[in-house]
Amino acid sequence: ETGVTQTPRHLVMGMTNKKSLKCEQHLGHNAMYWYKQSAKKPLELMFVYNFKEQTENNSVPSRFSPECPNSSHLFLHLHTLQPEDSALYLCASSQDWAKNEKLFFGSGTQLSVL
Amino acid sequence: DQQVKQNSPSLSVQEGRISILNCDYTNSMFDYFLWYKKYPAEGPTFLISISSIKDKNEDGRFTVFLNKSAKHLSLHIVPSQPGDSAVYFCAASRRGGSNYKLTFGKGTLLTVNP
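Heads up: the sequence lines are chains Y and Z, in that order. The opening residue of the first sequence carries number 74 in our numbering; numbering runs sequentially from there. The opening residue of the second sequence carries number 104 in our numbering; numbering runs sequentially from there.
These aren't lab readings, by the way, just hints derived from the structure by calculation. Just so you know, these numbers come straight off a predicted model, no measurement behind them. One should not assume that every hint holds.
[Said to hold, decoys possible] To give an idea of the interface, some chain Z residues facing chain Y are shown, with a C-beta separation under 7 Å as derived from the structure: (1) LEU137; (2) GLY146; (3) PHE165; (4) LYS209.
[Claimed, not checked] Some residues of chain Y that are not near chain Z, with every Cβ distance over 12 Å (derived): (5) LYS125; (6) ASN131; (7) GLU140; (8) HIS150; (9) GLU157; (10) SER167; (11) PHE178; (12) LEU187.
[Said to hold, decoys possible] Within a straight-line C-alpha distance of at most 30 Å, the following computed DSS-like cross-link-like pairs (lysine-lysine) qualify: (13) Y/LYS125 with Y/LYS92; (14) Y/LYS175 with Z/LYS209; (15) Y/LYS125 with Z/LYS174; (16) Y/LYS175 with Z/LYS159; (17) Z/LYS174 with Y/LYS95; (18) Z/LYS108 with Y/LYS114; (19) Z/LYS209 with Y/LYS113; (20) Y/LYS91 with Z/LYS174; (21) Y/LYS95 with Z/LYS159; (22) Z/LYS171 with Y/LYS95.
Ideal Cβ placement from N, Cα and C applies to all residues, glycine included.
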C-alpha cells in the first residue's frame, strides 16, 4: 500500500463519545499534519508533527488531541465534540517541515457530530 | 481575514477550451504559490507551483501566472478535458520565514463539459 491512508472514511458520533481518527503514510516522510475542511471554508491547519515532535498547534480546542507515536502514524483523538466540529478531517505528510509545501493528502474522514 | 481568496466558487467550460482559475492574496510576504486539485472522496493533490522570482511556470496543459504587483495568480488549463473537473485550491506560503505554513483559498469547482 502506498501514499497516505486515513481511517475511518466516515464517522458519526454523539457529543459525549470518544473516537479516534487514524492516519498512516508509506512515503518515508518525516512530517505529518492534520487539516480541517469545513463547508465553504478554506483548509485550516490544526497540528504539525516533525520527526514525531509537535511543532504547531494552531489554537485548536483541547477536545482535539493529536498523537504521533512514530513518523508513519498520526492519530486525532476526539472527545466531547460539538456539532460545529462536523467537517472533513484531512491528514497529510511531507518530506519534512521545511518542505511542507508539497503535501501528500489522505482521502479524509468525513465527521458528523450529532 | 482571508489572506488567500478564490472569488469564483465555480467555473464551467467546454471541453477543448481554456479554463482560467483565479486567486488573489493580501499578504505581500508570500513568496511561493501552489495549486492543488481535489476530486470528490479524495484528498487534494499537488498540481503546480511558482516562486515569486518567476511570473510564469508551465507543466504540460497547466500554466500558472503570477502578477506580484496585483497580488494575483491564475491557473490556465489548455485544452480543458472532462477529467479536469475537480475543485482547485490556491495556496501560498512565505519561504523566507521560519514557518512555511501553507494558507489555502476556499477552492473553485471546475466543471468541464464534454
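How the hints compare with the structure:
| no. | hint | in the structure |
| --- | --- | --- |
| 1 | LEU137 | 6 Å, holds |
| 2 | GLY146 | 3 Å, holds |
| 3 | PHE165 | 15 Å, violated |
| 4 | LYS209 | 5 Å, holds |
| 5 | LYS125 | 19 Å, holds |
| 6 | ASN131 | 8 Å, violated |
| 7 | GLU140 | 20 Å, holds |
| 8 | HIS150 | 21 Å, holds |
| 9 | GLU157 | 18 Å, holds |
| 10 | SER167 | 9 Å, violated |
| 11 | PHE178 | 3 Å, violated |
| 12 | LEU187 | 22 Å, holds |
| 13 | Y/LYS125 with Y/LYS92 | 21 Å, holds |
| 14 | Y/LYS175 with Z/LYS209 | 18 Å, holds |
| 15 | Y/LYS125 with Z/LYS174 | 36 Å, violated |
| 16 | Y/LYS175 with Z/LYS159 | 18 Å, holds |
| 17 | Z/LYS174 with Y/LYS95 | 38 Å, violated |
| 18 | Z/LYS108 with Y/LYS114 | 11 Å, holds |
| 19 | Z/LYS209 with Y/LYS113 | 6 Å, holds |
| 20 | Y/LYS91 with Z/LYS174 | 44 Å, violated |
| 21 | Y/LYS95 with Z/LYS159 | 39 Å, violated |
| 22 | Z/LYS171 with Y/LYS95 | 40 Å, violated |
The earlier numbered hints that this structure contradicts are 3, 6, 10, 11, 15, 17, 20, 21 and 22.
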